[in-house]
Amino acid sequence: MDCTESRSRLHAYLDQELDLPSVVAIDQHLASCPACKAIFARQSALQSGIRRHAEYYSAPAGLADRIRAKIGSAAAEVPATTLRPRWQWPQLRQWFRLGSAVAAAAVVSWIAAIQYSSPDENEIIAEQVIAGHARSVLTGHLVDVATSDEHTVKPWLSSKLDFSPPVTDLTGAGFPLVGGRLDYLDNRPVAALVYRHRKHVIDLFIWPDGTSGRGLPVQTLAKHGYNVLHWTEAGMAFWAISDLNAAELKTFAETYAGAY
Amino acid sequence: MDEHSRARRFETLFVPQLDAAYDFARWLTRDDRHAEDVVQEACLRAFKSLDGFHGENARAWLLAIVRNTYYTWFKKNKAEALSVPFDEESMTANGQELADLDSAGGSMDQVLQRQDARRLVNDALARLPEEFREVVVLRELEDLSYKEIAAIARIPLGTVMSRLARARKLLLQHLQQAQREQ
Numbered sequence: 011m012d013c014t015e016s017r018s019r020l021h022a023y024l025d026q027e028l029d030l031p032s033v034v035a036i037d038q039h040l041a042s043c044p045a046c047k048a049i050f051a052r053q054s055a056l057q058s059g060i061r062r063h064a065e066y067y068s069a070p071a072g073l074a075d076r077i078r079a080k081i082g083s084a085a086a087e088v089p090a091t092t093l094r095p096r097w098q099w100p101q102l103r104q105w106f107r108l109g110s111a112v113a114a115a116a117v118v119s120w121i122a123a124i125q126y127s128s129p130d131e132n133e134i135i136a137e138q139v140i141a142g143h144a145r146s147v148l149t150g151h152l153v154d155v156a157t158s159d160e161h162t163v164k165p166w167l168s169s170k171l172d173f174s175p176p177v178t179d180l181t182g183a184g185f186p187l188v189g190g191r192l193d194y195l196d197n198r199p200v201a202a203l204v205y206r207h208r209k210h211v212i213d214l215f216i217w218p219d220g221t222s223g224r225g226l227p228v229q230t231l232a233k234h235g236y237n238v239l240h241w242t243e244a245g246m247a248f249w250a251i252s253d254l255n256a257a258e259l260k261t262f263a264e265t266y267a268g269a270y
Numbered sequence: 046m047d048e049h050s051r052a053r054r055f056e057t058l059f060v061p062q063l064d065a066a067y068d069f070a071r072w073l074t075r076d077d078r079h080a081e082d083v084v085q086e087a088c089l090r091a092f093k094s095l096d097g098f099h100g101e102n103a104r105a106w107l108l109a110i111v112r113n114t115y116y117t118w119f120k121k122n123k124a125e126a127l128s129v130p131f132d133e134e135s136m137t138a139n140g141q142e143l144a145d146l147d148s149a150g151g152s153m154d155q156v157l158q159r160q161d162a163r164r165l166v167n168d169a170l171a172r173l174p175e176e177f178r179e180v181v182v183l184r185e186l187e188d189l190s191y192k193e194i195a196a197i198a199r200i201p202l203g204t205v206m207s208r209l210a211r212a213r214k215l216l217l218q219h220l221q222q223a224q225r226e227q
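Heads up: the sequence lines are chains A and B, in that order. Using my numbering, read the first sequence as starting at 11 and increasing by one per residue. Using my numbering, read the second sequence as starting at 46 and increasing by one per residue.
Calculated from the structure, these hints are not laboratory results. Backbone N, C-alpha and C define an ideal beta-carbon position, used for all residues, glycine too. Hints may contain errors.
[To be verified] Output of the computed footprint for chain A on chain B, the stretches with three or more beta carbons under 8 Å from beta carbons of chain A: (1) 82-90; (2) 100-108; (3) 115-122; (4) 172-178; (5) 207-213; (6) 216-225.
[Unchecked claim] Derived DMTMM-like pairs (lysine to aspartate or glutamate); straight-line CA-CA distance at most 20 Å: (7) K120(B) <-> D77(B); (8) K80(A) <-> E86(B); (9) K192(B) <-> D196(A); (10) K192(B) <-> D253(A); (11) K80(A) <-> D82(B); (12) K192(B) <-> E133(A); (13) K192(B) <-> D25(A); (14) K80(A) <-> D47(B); (15) K214(B) <-> D25(A); (16) K80(A) <-> D96(B); (17) K47(A) <-> D37(A); (18) K192(B) <-> E137(A); (19) K80(A) <-> D77(B); (20) K47(A) <-> D12(A); (21) K164(A) <-> E243(A); (22) K121(B) <-> E86(B); (23) K47(A) <-> D154(B); (24) K80(A) <-> E56(B); (25) K120(B) <-> E81(B); (26) K80(A) <-> E176(B); (27) K120(B) <-> E176(B); (28) K123(B) <-> E176(B); (29) K233(A) <-> E193(B); (30) K93(B) <-> D75(A); (31) K214(B) <-> E15(A); (32) K233(A) <-> E101(B); (33) K80(A) <-> E48(B); (34) K80(A) <-> E81(B).
[To be verified] Part of the chain B face toward chain A, derived, beta carbon under 10 Å: (35) E48; (36) D77; (37) L157; (38) R184.
Using the sequences and the hints, build the whole thing.
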């Protein structure tokens, strides 16, 4: 890495927005370049200076109560919709009571489900997958090893990881392999294969998920403008992400899964 | 959802974020009273649009509303808000070229060792133009990621990074200038 490149990533480095290989590359450059090291040191001093000295204005005492009062009166302005009409027929009235009790119970349990369900594990991983993809696109760090030759990418990744991801070039199907890189997801180093389709970049993250051979079919998630696909096969977890449309990304996943 | 559960939901989700909301509003308005007005109004808006919250990051969601409320308030109260008339021009006018400053002698440590370091840092931050001030506050004081800042300020990720870079250059310049004038 040269000075221009390392300085262009100074802020992402400082803010811990870079992937692990980029951080390592910058660390290596800084160790051998006093000029860049001085710039990074000054920025880092500024950052800690701000964090140490800048005023953090906590909410004044009583603000929460004033807001509660404000919300209370706002809530009171909303017309009450729960008033039941006075029905002449006692039976009918009882039916309505029963009905609204059931409805209320349903609503309460629905709210409880929304409020108290913790985001499921795949949701959390999906967020990390999106962050990993966005980081690499943002910093222009798509690949550590840039070649469409699967026989170069696979051994390179295998030498850096404790597993060997299936790598296959899909140029014939319109998804040329751009290369591979390392990333860090789900608390472990993972393989990222990078493919292109027209102008779109597709990241395919792979790591062993520790389950037995039984595979999980492709699931689709869409978030923050990205499409994310997830499946497992032969003890490996696969996560494909791209700004490509969902249908084409699915074609990619199927082509990839059918090719190895 | 009935009013009671709405209020309870608001209480659980957003009342714990009041410090963050107030800190952000205080740095935007640079005034205690205005900050309180903005936070109260923002919370009322948050309460009214509670149905639009689907379990994302509660803090980022509230801060985005605080920011919108601030800009609405700012339009209405321009005269008051501009009573602290600093802009980028006044900060760069008599400085050296920013690029030179960036590689100038490492006086940052000396600045931060000074007795009045606290005042200098707060002053420099308060004088930043608001589009730079807000990203610094969200990043350094609220410790938010680029992605969260992008969502709150409604700007692309790349803009978050370039604004932070610009903001930090201005802060360095201001602090180093203070050191030279000592």
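Here is how each hint holds up against the structure:
Check on the region 82-90 of chain B: 4 of its residues sit with their Cβ under 8 Å from a Cβ of chain A, so the three-residue criterion for coverage holds. Evaluation of the coverage hint for the region 100-108 of chain B: breached, as 1 residues show C-beta separations to chain A shorter than 8 Å, against a requirement of three. Residues of the region 115-122 of chain B lying with their CB closer than 8 Å to a CB of chain A number 0, which falls below the three-residue condition for coverage. Given a C-beta distance limit of less than 8 Å, the hint that chain A covers the region 172-178 of chain B is violated, as 0 residues qualify and 3 are needed.
Taking a C-beta to C-beta cut-off of 8 Å, the region 207-213 of chain B contributes 3 residues in contact with chain A, enough for the three needed, and the coverage statement holds. Chain A is given as covering the region 216-225 of chain B, and this holds because 3 residues of the stretch bring a CB closer than 8 Å to a CB of that chain, at least three being needed. At roughly 18 Å between alpha-carbon atoms, K120(B) and D77(B) fall within 20 Å of each other, so this suggested pair holds. A distance of roughly 9 Å separates the Cα atoms of K80(A) and E86(B); the hinted pair therefore holds under the 20 Å criterion.
Taken as a hint, the K192(B) and D196(A) pair is honoured in the structure, with Cα atoms around 18 Å apart against an allowance of 20 Å. With a CA separation close to 16 Å, the supplied pair K192(B) and D253(A) stays within the 20 Å bound. A distance of roughly 12 Å separates the Cα atoms of K80(A) and D82(B); the hinted pair therefore holds under the 20 Å criterion. Simply put, K192(B) and E133(A) have alpha-carbon atoms about 16 Å apart, close enough for the 20 Å limit, and the pair holds.
Taking the CA atoms of K192(B) and D25(A), the gap is near 12 Å; set against the 20 Å cutoff, the hint holds. For a cut-off of 20 Å, the pair hint linking K80(A) to D47(B) stands: about 17 Å separates their Cα positions. Straight-line distance between C-alpha atoms of K214(B) and D25(A) comes to about 15 Å, which keeps the hinted pair within the 20 Å bound. At most 20 Å may separate the alpha-carbon atoms for a hinted pair to count; K80(A) and D96(B) meet this at roughly 18 Å.
Taking the CA atoms of K47(A) and D37(A), the gap is near 9 Å; set against the 20 Å cutoff, the hint holds. A hinted pair counts as satisfied when its Cα atoms are at most 20 Å apart, and K192(B) with E137(A) qualifies at roughly 11 Å. As the CA atoms of K80(A) and D77(B) are separated by approximately 19 Å, the hinted pair is consistent with the 20 Å bound. Taking the CA atoms of K47(A) and D12(A), the gap is about 12 Å. The hint holds against a cut of 20 Å.
Between K164(A) and E243(A) the alpha-carbon distance is near 18 Å, which keeps this suggested pair within the 20 Å criterion. At roughly 14 Å between alpha-carbon atoms, K121(B) and E86(B) fall within 20 Å of each other, so this suggested pair holds. The suggested pairing of K47(A) with D154(B) holds, with an alpha-carbon distance near 15 Å, which does not exceed 20 Å. Restraint check for K80(A) and E56(B): satisfied, since their Cα atoms lie roughly 13 Å apart, inside the 20 Å limit.
Straight-line distance between C-alpha atoms of K120(B) and E81(B) comes to about 17 Å, which keeps the hinted pair within the 20 Å bound. Restraint check for K80(A) and E176(B): not satisfied, since their Cα atoms lie roughly 30 Å apart, outside the 20 Å limit. Pair hint K120(B) plus E176(B) holds up; C-alpha atoms about 15 Å apart against a cutoff of 20 Å. Taking the CA atoms of K123(B) and E176(B), the gap is about 16 Å. The hint holds against a cut of 20 Å.
Note on K233(A) and E193(B): the hinted pairing holds, with a Cα-Cα distance of about 14 Å set against a maximum of 20 Å. A distance of roughly 17 Å separates the Cα atoms of K93(B) and D75(A); the hinted pair therefore holds under the 20 Å criterion. Between K214(B) and E15(A), the direct Cα distance comes to roughly 18 Å. Compliance with the 20 Å bound is thereby established for this hinted pair. This hinted pair checks out: K233(A) and E101(B) have alpha carbons roughly 11 Å apart, not beyond 20 Å.
Distance restraint check for K80(A) and E48(B): the Cα-Cα separation of roughly 13 Å lies within the 20 Å cut-off, and the hinted pair is therefore satisfied. Only pairs whose Cα atoms come within 20 Å are accepted, and K80(A) paired with E81(B) is accepted, the gap being roughly 13 Å. Hint status for E48(B) relative to chain A: holds, with the closest Cβ pair at about 4 Å, below 10 Å. For D77(B), the shortest C-beta to C-beta distance to chain A is roughly 7 Å, which falls under 10 Å, so the interface hint holds.
Because the closest C-beta pair between L157(B) and chain A is about 4 Å apart, less than 10 Å, the hint holds. Interface hint status for R184(B): upheld, as the beta-carbon distance to the closest one in chain A is roughly 6 Å, under 10 Å.
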